[in-house]
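Novice: Line by line, the protein sequences give chains F and V. 383 is the number that the working numbering gives to position 383 of the first sequence; each next residue is one higher, with no gaps. So the working numbering is basically just the index in the second sequence, starting at one, shifted up by 1000.
Don't read these hints as lab results, they were simulated from the structure. Cβ coordinates follow ideal geometry from the N, Cα and C atoms, glycine included. Take these hints with a grain of salt, some might be off.
[To be verified] Which chain F residues face chain V? A few, computed with CB under 8 angstroms, are given here:
id: 1; residue: N125
id: 2; residue: G158
id: 3; residue: Y162
id: 4; residue: F222
id: 5; residue: P231
id: 6; residue: G325
[As the list claims (entries may be wrong)] Covered by chain F, according to a simulated footprint, are these stretches of chain V (three or more residues, beta-carbon under 8 angstroms):
id: 7; segment: 1244-1252
id: 8; segment: 1277-1291
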Amino acid sequence: MKIHEYQGKQLFRKYGVPVPFGIAATSAEEAIAAIPKVQQQGGTDIVVVKAQIHAGGRGKGGGVKVAKTKADAEEAVKKIFGMTLITPQTGPEGKKVQRIFIEQGLAIDHEFYLGMLLDRATGRNTVMASREGGMDIEEVAEKHPEKIIRMTVNPATGWQDYQSRELAKALGMTGKVANELAAFMRPLTRAYEELDMSLLEINPLITTKDGKVLALDAKINFDDNAMFRHPELEELRDPNEEDASEIEAKKWDLSYIALDGNIGCMVNGAGLAMSTMDIINFYGGSPANFLDVGGGATAEKVTAAFKIITSDPGVKAIFVNIFGGIMKCDTIAEGVIKAVKETGLKQPLVVRLEGTNVELGKKMLAESGLNIVAAADMADGAQKVVKAAKEQR
Amino acid sequence: MSVLVGFDTRLVVQGMSGSAGAFHAKQMVEYGTNVVAGVTPGKGGAKVAGLEQVPLYDTVDEAVRLANANTTVIYVPPPFAADAILEAAAAGIETIICITEGIPARDMIKVKYVLDNEYPGVVLVGPNCPGVITPGQCKVGIMPGYIHKPGGVGVVSRSGTLTYEVVGQLTKLGLGQSTAIGIGGDPVKGTDFIDALAWFANDPGTSSIFMIGEIGGDSEERAAQFIKDHIDKPCAAFIGGQTAPPGKRMGHAGAIISGGKGAAKDKIAALQAANIAVAATPAEMGATLAKVLASAPARA
């Protein structure tokens, strides 16, 4: 799960991680009303107007403006609120800005990059940092890997102060600032651990002219598998940032991702679901979604999954590809038949069944009277569904 | 011959009284697996319907002491799964196969740390995996047994259903399997490709290897290098997720292309650079290995 920058900073503040003063708003009027408050609290007329969307690269896309006066800030709010922001991470369709964050301006001495994530090779969390902050860190990593410092968090002890001191040295921080970094890292690493974050990026982390260390940005992803421990974080979810079908799928504990194509897919198992997309592409088709119904699905869940697929107006044909292990083929057949009876079937449906209770599943589909194209195997099914989708156009 | 599980396996099922645990315990017994005990905390002494012959205990320690269990399979829900793994290790179980999907990464980081440091002899397979099967001898997990056939192909895979897919294809081509290992789709896991490949390399019953990877991480790249350096048995591979969009988690917690890393094309390139045949589509996995076996009995 992803959250907005301002929400991340609220969590930081709760843990004692230094952040600038700021106010979030969900309308342009609210944002304009917040400007004088931020100016007063921040002790400077300079404020930063920041679009809140779940994607990086906002500055380059015109979603972040530094304003020197109240009038400039108001103008920036009017320009940014409601705009469709296109960044390398939003895709070409962009994202509409529906929340805005007004933040205190600061006298920056230097901008750093700080990230924290799981290193899969060691099975431990890793802190990554660089003096080259504020820029595209992926570019730095590619062109100047030596400029990125990596330090591992020991699972038994957690992050230690000595590591902050070493990090400060490596980043070229001296004197009092080095101690400030330790005071910054202590609550930050604790928040990462306690809140089950899966990714944390602060770009930039800044030092100010008066020797403070603050997080000027906060990009946080949480481990979806750990959300049962944090019911309070569910409130931070912004439905505007998520696909409606993906939200519905989540309710049913289905793994669903909307894509651009026209072939709806229902598959069991993530690997097979991904490969089904691959083979559809291989035969010249284009999948409308990734959908893993999972192992222990009930007929009701299969019905819900099928309805999510058919509710996508872009779907011209449907491919059900099942190799049952835990998932029984008769359960799939029951769910599909029920869904079609409830909502009808406008598109051609190709079904490939294999695995546990396959004969029973095939028999149920054959006797259902539904117009189903049976596939002998995965390649056969992919070719048939690609052909069917083309004929529908 | 086989690796990890076989005729010597004495299995305890953790979470046997749950619906998934009970269903699969029955399937394993039917396949011929020697299921010697079940464990569900608080239900010791109870009987599980259809599994009356299998004693149910409160702790894994009892299953080891009273029923001589040497291998465990775990079906307990995600919030309790890390605890279940550590309990098994503490009880002296040396082969732990964890099926549970959805364990928080924070829990697995700690489990891995403890296993690596306190129990270096313990093998963990999974979590979030289909399990391990040695066809004709022993099935530990959730895979459909009937698609398998005893033989010489060692299978190692990050994906459950793709494992069934390749096994089904191999069996249809008359190529049996020595052992099929599902290592699972989580970012922090026990057995990785390299471990499984090393076991297959040393197993006289394994004459060739099929490996199934997917997007995310760099395990496949490291496995390709390992095969190049250490394995002279014929190998073929497939990588799932060639058309997956970046930044989206494709079901498995570990299956995500992030920060420009973990894309299928890089993995395929690494495998091909190591002279490993890569199937173009998931429908051609079995045929790809068959072709390798027909053309080159041993890799140079």
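Novice: Each of the hints needs a verdict: does it hold here or not?
Specialist: Hints, one by one, checked against the model:
1. N125: holds (7 angstroms)
2. G158: violated (11 angstroms)
3. Y162: violated (20 angstroms)
4. F222: violated (10 angstroms)
5. P231: This hint is violated: F:P231 lies away from chain V, its Cβ roughly 13 angstroms from the closest one there, beyond 8 angstroms.
6. G325: holds (5 angstroms)
7. 1244-1252: Check passed, 8 qualifying residues.
8. 1277-1291: holds (count 5)
Violated hints, in rising order: 2, 3, 4, 5; the structure is consistent with all others.
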